[in-house]
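**Student:** One-letter residues, chain by chain:
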Amino acid sequence: MKSIRFHVLALVTSIGLVASPVHAQEATTAKVSVNGMVCSFCAQSIEKRLSAMPETGPLYINLSNKVVAVQPKAGKTLDMDKLRHEIKEAGYEVTAVEMVPKTVAELRAEYRAKK
Amino acid sequence: MPSAALVAGLVSATAYALPMGSQGTWMIMGDFTRDGQEIAANHAVTRQDAFGGALGRWEEEPHSGAPHSHALRRDFAAITYTRQLHRWNLPHAQANLWLVGMAGAVRPRERSGDEAMGSLALLADYETTRVYAAGGLKGMRAEGNIRHDTAYARAGFSFYEVEYEETQPWLILEAKRERYGNATKDSVMPMLRFINRRYFLELGGNRDGAMLNLMLVY
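Protein chains in written order, with the numbering used here: chain F, 1 to 115; chain Z, 1 to 218.
Keep in mind that the hints were calculated from the coordinates and are not lab data.
Keep in mind that the hints are not guaranteed to be accurate.
Covered by chain Z, per the in silico footprint, the following chain F stretches (three or more residues, Cβ under 8 Å) [unchecked claim]:
1) 44 to 55
2) 69 to 77
3) 89 to 97
4) 100 to 107
Being a predicted model, the structure only gives us computed values, none of them experimental.
Every residue, glycine too, gets a C-beta built ideally from N, C-alpha and C.
Put together the whole structure using the sequences plus the hints.
**Tutor:** And the structure:
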């Protein structure tokens, strides 16, 4: 009896675990504030350098708000120091970096809605 | 007959807009007017230094006392060096100070042989997403009686801000004073500028003719 109860319990627990919603990994995007970014001809150097990083996924540059948003590729992690370094090497100054629980597409839509 | 030698050289209007790209990039430029044409390329070896070359030709009015009644034509070839002396990255603007020099040879059509040529230019610019201002001084000397100095100022605005991926149009006005030997020429030219990421195009015109300026960075 105990054995049957144990197995039923184990079975129910297993089903419970399987049936639990699988929480998708929250998207986290690095939102970088950059000084000096005023035109796309100049800022394309930032896009070029960041796109060359193997962990870089979707990328968004907003000149009006002086923001560069970088989303890592699936399974990859962004190195904040490396991000800062690449933007500095492109000739610009990073003033702040924060991780936001949004995708680049969501950030883009947000900025467009504010216009 | 003087032999060709390396001295600083002519700086074209293309250098006025943005002399170089970021480290590791190539910049290709073309500048075309009725009186002068130039193609140039440079490679940014560091964040602040770019080396390259330029080929071109220009025409100037005969100097007083010169035995020619037609325009004097010069062809030139030069190596170039561009140095970003300083960059200011401000919250809503960018400003730069540049030094541009060339070393080359010029071939005046009215006499045979190549002559050593040299020039140096000091350029400054300030830009926001809507406003642009720039100025520069350039002096060029060559063997024989070739002497060409230029001072210019540019100011303009963009009609509207755009997304990074969109083409941004600008209206720019340039005032320039050029001195060829003893002759001085003042000109004003309005131009339209279009920027889209790594493409840069300027179209201008005044009573002296049209101007086309192209730049590509990659």
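**Student:** Look at each hint and say if it fits the structure.
**Tutor:** Hints, verified against the model:
Residues of the region 44 to 55 of chain F with a Cβ under 8 Å from some Cβ of chain Z number 5, which satisfies the need for three, so the listed coverage holds. Counting residues of the region 69 to 77 of chain F whose CB falls under 8 Å from any CB of chain Z gives 0; the rule of at least 3 is not met. Evaluation of the coverage hint for the region 89 to 97 of chain F: fulfilled, as 6 residues show C-beta separations to chain Z shorter than 8 Å, against a requirement of three. Taking a C-beta to C-beta cut-off of 8 Å, the region 100 to 107 of chain F contributes 0 residues in contact with chain Z, too few for the three needed, and the coverage statement is violated.
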